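Undergrad: So the chains spell out like this:
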Amino acid sequence: MKILVCISKTPDTTAKIAFTDNNTKYDTNGVQWIINPYDEWYALVRAIELKEADASIALHLISVGGADAEPILRKALALGGDEAIRINIDSDDSFVIATQIAEAAKTGGYDLILTGKETIDHNGSSLGGMVAELLDLPYVSLATKLELNGTTANVTREIDGGQELNEVPTPVVISAQKGMAEARIPNMRGIMAARTKPLKVVEPVACEALTTTVSFELPPAKAGVKLVDAENVQELVRLLKEEAKAI
Amino acid sequence: MILVFLDNVSGSIKKSSLEALSYGVAVAKQLGTEAQALVIGSANSDLTELGNYGVSKVHQVTGPEAFDAQAYARIVSDKSNELNASVVIFSHSLMGKALASRVSARLKAGLVTGAVALPDTSNGFVVKKSVFSGKAFANVKINTAVKAISLNPNAYTAVLGEGKAEVTTTTVSVDAKVKVVSSTKSSSDRTLTESEIVVSAGRGMKGPENWGMIEELADVLDAGLACSRPVADAHWRPHHEHVGQTGVAIAPNLYIAIGISGAIQHLAGVNRSKVIVVINKDPEAPFFKAADYGIVGDAFEVVPKLTAALKVGA
Ligand SMILES: Cc1cc2nc3c(=O)[nH]c(=O)nc-3n(C[C@H](O)[C@H](O)[C@H](O)COP(=O)(O)OP(=O)(O)OC[C@H]3O[C@@H](n4cnc5c(N)ncnc54)[C@H](O)[C@@H]3O)c2cc1C
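From first to last, the protein sequence lines stand for chains Y and S. According to the working numbering, the first sequence is numbered sequentially starting from 1. According to the working numbering, the second sequence is numbered sequentially starting from 1001.
One chain only, chain Y, in its complex shape (with noise of 0.2 Å):
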């Protein structure tokens, strides 16, 4: 059994959002970087999970980036995982990422392959599913819940208003979120041992970006709270209604 758990690099949840160059550009100055919180908390560690639960399991991790998503790799490797792959690009077009990814699949024969529900800098929500595609895998998205039974993965995903289960099998592509697993806090053994551990770079294949990001903008600022009296609730049912005509 082999899994690989698809990693990316995001500014960390309290990073300043500000951009430069015209506002065609991401501010990264002073910027801390994390791994991506669905790579990390929910697919790496219910993939960690698996892999305690059965020693023959042989987990991977990927990262499409420049030589900056090492360190991130790094600290994906101190959690867990045998070896880290690096596809040397940097690209903001999903399906450029994804086409790396698949390829790197192709020839590495993965039972399972886990990303995140999404990234919390792009908002894509659609890696998976590309990857998918172009393996022509079966995918689950949005995964609450992940158990794997010989060549048969049971997935819990989440559903308008409920849960469902469902009996996929293996190779398939699977998105976590909440729910897969707890987040956890690498040891010094796993720190130690990370820096030893194989972290390949590869170079990309050639692939046209479908997308290009032209420019960004930040909401338009808030006008200011208009407090009300906490005596008075009546004065702020009638601002809801007639002011914000928002009730």
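I should point out that these hints are in silico values taken from the structure, not numbers from a laboratory. Owing to the predicted nature of the structure, the values given are computational and were not obtained by experimental measurement. C-beta atoms are modelled at their ideal positions from N, C-alpha and C, and glycine is treated no differently. Check each hint, because a few of them may be wrong.
To be verified - The calculated SDA-like cross-link candidates involving lysine to any residue, where the alpha carbons are at most 25 Å apart (straight line), are:
1) S/LYS1015 with S/GLU1065
2) S/LYS1128 with Y/THR14
3) Y/LYS222 with S/ILE1197
4) Y/LYS25 with S/ILE1197
5) S/LYS1029 with S/GLY1124
6) S/LYS1108 with Y/ALA209
7) S/LYS1177 with Y/ASN154
8) S/LYS1274 with Y/ALA230
9) S/LYS1289 with Y/ALA221
10) Y/LYS222 with S/ILE1264
11) Y/LYS25 with S/ASN1139
12) S/LYS1289 with Y/ASP229
13) Y/LYS241 with S/ALA1290
14) Y/LYS75 with Y/GLY65
15) Y/LYS245 with S/ALA1066
16) S/LYS1274 with Y/GLY65
17) S/LYS1108 with Y/ALA230
18) Y/LYS245 with S/ASP1219
19) S/LYS1141 with S/THR1033
20) Y/LYS226 with S/GLU1284
21) Y/LYS241 with S/GLU1196
22) S/LYS1141 with Y/PRO11
23) Y/LYS226 with S/ASN1143
24) S/LYS1179 with Y/ASP136
25) S/LYS1274 with Y/ILE247
To be verified - With the C-beta cut set under 8 Å, the calculated list includes, among others, these residues of chain Y facing chain S:
26) LYS25
27) ILE159
28) ILE191
29) LEU227
Let chain Y serve as the given structure and place chain S with the ligand on it in line with the hints.
TA: Frame of chain Y; chain S with the ligand shown alone:
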């Protein structure tokens, strides 16, 4: 032509899909073409009524018994090819998220997910989408001839007019790899992202036993329920109510935050709400800076009063 995929959840078309339909009709108008709808599975309602949203034709494909992204993506892509669609539109719903990405890769159609506005066609085809968990927007140009868009729920208002659509039904045989073993549903089909009003509460409520007043307020407003992350982590409330950067991102017309401090990760998931009301006993709570209306006070006193005032006014 523009093809709009409609989520058919156990026989009914979701509200967010009707928004996508109206959006598709508007995009068609921009491009001087027409929009048509695609529904997979059997429907409980009269599909000719979708004409009220401005489409002349509805393609219904039966065959799949349950949602399988792989099988559905084939159906949508085949229809798109057959009809020569230039834009394929989805709702950025649970189903839409799984499907749009697959269709995009299958058709090599550039995809913008989570669109919040109509495309700007003055210089190519540029779609505005929400990024950085609602803290910013990106304008993304689609470079391919065939384009795919998924529209954020509550980002575009469904426009109801009058008309009847012609429905053509075809049946396909599918080889779905995903089998549904069982499903559990809470009372409503409505997902939080579709709610127009959301009542949300945080750690300030002290414990799960105090949620009765939150539920009552939500009841009078016919609102969805949400909570902050520590509340879900402590299992006071179910995970699917957790909103924010690492939970669900929502953009309702009205968001009422009760006993929530307004941490940056919480704001990230809710700051696209049109109107924000904050009830917090601490006048320094950061949430007030992001709010339109606020009450500084004890939730245990203010919330029941607010519910009562709304009942009187209703
Ligand atoms: C990587 C990361 C991701 C995160 N993602 C999320 C996320 O997605 N969503 C999220 O919500 N959080 C998220 N957080 C956590 C976030 O930082 C905050 O800790 C959390 O939002 C605080 O929840 P809270 O406002 O309910 O609780 P608190 O911060 O404890 O605030 C409670 C508030 O209630 C008020 N209060 C207390 N008693 C009363 C009363 N009787 N009446 C009225 N008001 C009262 C207090 O004044 C206070 O403002 C994340 C954190 C990290 C590090």
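Undergrad: Please work out if Y/LYS241 and S/GLU1196 have their alpha carbons no farther apart than 25 Å.
TA: Judged against 25 Å, a Cα distance of about 14 Å means the pair holds.
Undergrad: Going straight from one Cα to the other, do Y/LYS226 and S/GLU1284 come out at no more than 25 Å?
TA: Holds. Y/LYS226 to S/GLU1284 sits at ~14 Å (cutoff 25 Å).
Undergrad: Run the distance test for Y/LYS226 versus S/ASN1143: straight-line Cα separation, threshold 25 Å.
TA: With a Cα-Cα distance of about 44 Å, the restraint between Y/LYS226 and S/ASN1143 is violated, given a limit of 25 Å.
Undergrad: Given the proposed pairing of S/LYS1274 with Y/GLY65, does the C-alpha separation stay at or below 25 Å?
TA: Outside the cut-off at roughly 36 Å; violated.
Undergrad: Just to be careful, I want the Cα atoms of Y/LYS245 and S/ALA1066 compared with a cutoff of 25 Å; is the pair within it?
TA: violated, 40 Å
Undergrad: Are the Cα positions of S/LYS1179 and Y/ASP136 separated by 25 Å at most?
TA: Distance ~17 Å between S/LYS1179 and Y/ASP136 Cα, so the pair holds.
Undergrad: Are S/LYS1015 and S/GLU1065 close enough, with their CA atoms no more than 25 Å apart?
TA: holds, 22 Å
Undergrad: Are Y/LYS25 and chain S close enough, Cβ to Cβ, to be under 8 Å, as the hint says?
TA: violated, 11 Å
Undergrad: Is the hinted pair Y/LYS241 and S/ALA1290 satisfied, with a Cα-Cα distance of at most 25 Å?
TA: Holds, at roughly 20 Å.
Undergrad: Is the hinted pair S/LYS1177 and Y/ASN154 satisfied, with a Cα-Cα distance of at most 25 Å?
TA: Status holds; Cα separation ~12 Å.
Undergrad: Can you confirm whether the C-alpha distance between Y/LYS222 and S/ILE1264 stays at or below 25 Å?
TA: holds, 15 Å
Undergrad: Within a Cα-Cα threshold of 25 Å, do S/LYS1108 and Y/ALA209 meet the stated pairing?
TA: Holds - the C-alpha atoms of Y/ALA209 and S/LYS1108 are around 10 Å apart, at most 25 Å.
Hints 4, 15, 16, 17, 23, 26, 28 from the list above are not met by this structure, while the remaining hints are.
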